Structures are given as structure tokens and as C-alpha cells.
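There are 2 protein chains.
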Amino acid sequence: MRSSRLPSVSPEIEKLIDLLAKVPGLGRRSAQRAALALLKKRDTLLAPLAQALVEASEKVKACSACGSLDAMDPCAICASPTRDQGLICVVGEVGDVWALERAGVFRGRYHVLGGVLSALDGVRPEDLRVGKLVERAAAPEVREVIIALNATVDGQTTAHYLTERLQGVDVAVTRLAHGVPVGGELELLDEGTLLAALTSRRPF
Amino acid sequence: MRSSRLPSVSPEIEKLIDLLAKVPGLGRRSAQRAALALLKKRDTLLAPLAQALVEASEKVKACSACGSLDAMDPCAICASPTRDQGLICVVGEVGDVWALERAGVFRGRYHVLGGVLSALDGVRPEDLRVGKLVERAAAPEVREVIIALNATVDGQTTAHYLTERLQGVDVAVTRLAHGVPVGGELELLDEGTLLAALTSRRPF
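Taken in order, these protein sequences are the chains called X and D. Take my numbering: the final residue in the first sequence is number 204, and no numbers are missing along the way. Take my numbering: the final residue in the second sequence is number 204, and no numbers are missing along the way.
Among these hints, one or two may not hold up.
Identical copies look the same in the list; a pair holds intra-copy or inter-copy alike.
To be verified - Using 20 Å as the maximum straight-line C-alpha spacing, the simulated EDC-like pairs for lysine to aspartate or glutamate come out as follows: (1) Lys-41 to Glu-58; (2) Lys-41 to Glu-185; (3) Lys-61 to Glu-14; (4) Lys-61 to Glu-12; (5) Lys-40 to Asp-18; (6) Lys-61 to Glu-101; (7) Lys-41 to Asp-121.
What the hints contain is simulated information worked out from the structure, not anything from laboratory work. Please read all numbers here as calculations on a predicted model, not as lab measurements.
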């Protein structure tokens, strides 16, 4: 493998490329392109980006209720009076909150676990925000906890664990439906999904 | 098209995503992932990146001789006593300097034009560092100017223009060879490349 280090580049540029290459989505080559583009657009891109990074770092915190990220605590979603206080949707990461908000399909509140249980990665229940979930679920206004974890082995293991932990709490515990993705082709789906879609079939 | 704006995200995060999405190589979705990753790794990635951006912005300048980017002026390559002062390699952008330096195949100095002539984009000779090239090429130690512009229509138009401009100067003007890329398959090459490779064939 040929190294893509640049022997004759200044340490300032090298450092910038090194850090950009650690940003998910950018490899080393694209980090070099990004560094050049940033240096070309100093006033319109580089300086504002540096500023935005500092501001986000200073102001954005995890919500003490749901664990999502916001400049307010509690976050805008937890604090909103228009969101259904009776529904809590449990997700693994903040990115999942964003995915559901993008879709605009859920009007309750969230609970971000901060990951899923994983024997391989050594993630234990005490590493996740499980205690806080049980505490929130026990609030009198909460009717239902929707477990919206990834449909992976670890995600489903975590879902089962949460169901057990929530057994003493007087709430309905539900999970997202499995089935054919909208726009998905049957031919390309795995057996597990097809089985789930078939057994959960609905009247037309 | 569904918008991927996040209605319930704080302006600080939204701003960060907006700017990250302008970095070449990151689309809007990957900018969201990048923003989350940065906020997760505040001390190890976000803060150092903000710092590196500021430092690069303050220290990195265009070399007054060759136009490449460095924290020194003249740049490390122009200032190096071990590089052949008799050879100037003309490239379009700083990224081309980096590509050649990565390959480690050229031991002379560079000249970055800052683009190529383009009727479509309105790039005229006076927008490029052509005068400076003629001036540098006229220095007594310079033997050869190698034109290493992209093999595109604009690149080749620019190459012809430079050849004309350098006609009064006592230097050899050469260009990169056209031919089959190393590792390239004949079947996938265009006619122009095949013709160039055939007419420039070399004895085994």
C-alpha cells in the first residue's frame, strides 16, 4: 500500500488533514480535498466552520431527561407542550432521534439509550441509560414505551432486556413493526423480513 | 424530494450541519453523521479540529513564488536546496502538487496556475498566474518547464496557451506523456488515449 502522507506539506495542513480524516464519511484522500477546499474558501467556509464547532462544543449538551443533544436542557422536544407526554420512544443513538424527526412521524418524546447491549463491545446495562428510562416510564402520565432499536441481534437483545426491566412498571411496551420497507422489492429481502411481513399481514 | 432538515434540532447543531454539508465529500446526511460524531468526541476530535482550522487559517498562505500553500513563504519546496532549480512543473491546482508529491516522482519545483482557462467559467489568462510563470521560467537556472495540466479540453487549451507565452523564453517546454494508465485495461480506454499510446509507442 502506498502511503498518502505528503512529505512536503506544512505541519498545519498535515494536522488539519489528519483530523478531517477522522470525521466519519471522509477518508484520507477526501480529507485532503476537503482541507484544500477549506483553505480556498477561508472566509465563507473555514472561519464559519471553526466558529460553529466552537459554539456547538460550548452550548450543545445531552438532555438530562432523554439524553438527546440540544443547546437547552431539557431539550426542545422534552420541553415542548405540544408533544404527547404519554409516549416515550426508546432509541439507541441521537442519530435515530434525527431519523424519526426527519420522517416527522412521531409526536411523543424520546429516550436515547446511548447504544445497545453488546457482549462483543463490552456494553453492559449500566453503560446505557436504562435506570433513567425505568424512572421516566414510571411517571403517571406515561402510557406507552415504544422500543425503536435497530433490528440487529444486539438491538433485539437490548429490546428484550428493556421489556424485562419495564415489567414492574404500569405501561404498555411495544416495538416497531417488521415488514417490507416501503419501496422495497420482495426479491431482495431476506427470509426473516419476509416471514415477519407474512405473519404480521394486515387486511386490505 | 423530502427535505432532510431537522425541525427540532438546536440552531447551533443545524449551523454546524449546514457548514459541514458544504465541505466537499460530505452530503447533508453524512454531515449529520459527522456532526454527531464530532459532538460525541468533543475532546479528541471536535476541539482539536476547531483549533487546527484556526491555525491553518492563520498560518497557511500561498507561496509568493509558486502559488502552492504552506506556512512558510517561499514554501518548503521552493526553499529546498535539494530540489532541482532547473525544472518547473506547471499544475492547475495545489491538489495536483499534492498528487505529484504523493507519488514522489518529481524533484524540481512547481508552479500553481490557480486553475485553467475556461470560456465557460469565464477564466481568462489574467485570472491565472501566467505572468509569474514567464518571469520564473526566464531565470537563468531554469532549463525546462513541464506542463502537467489535466488532459481535459480546458487543460490542453491552457497548455497550448502557455507554450505560446513561453516561446520567447529560452527553456524547453514539455508536457506529460499520454498513454495507457498503469494497471489500466485497454478495453476500457477511449480512442484518444489508445491513439496517443500507439503513436507514442516505445521499444521494449
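Against the structure, the hints:
1. Lys-41 to Glu-58: between (25 Å within a copy, 13 Å between copies)
2. Lys-41 to Glu-185: The answer is neither: 43 Å in one copy and 38 Å across copies each exceed 20 Å.
3. Lys-61 to Glu-14: between (30 Å within a copy, 14 Å between copies)
4. Lys-61 to Glu-12: The answer is between: 11 Å across copies meets 20 Å, while 30 Å in one copy does not.
5. Lys-40 to Asp-18: both (18 Å within a copy, 18 Å between copies)
6. Lys-61 to Glu-101: The answer is within: 19 Å in one copy meets 20 Å, while 42 Å across copies does not.
7. Lys-41 to Asp-121: Result: close only across copies, 18 Å inter versus 40 Å intra.
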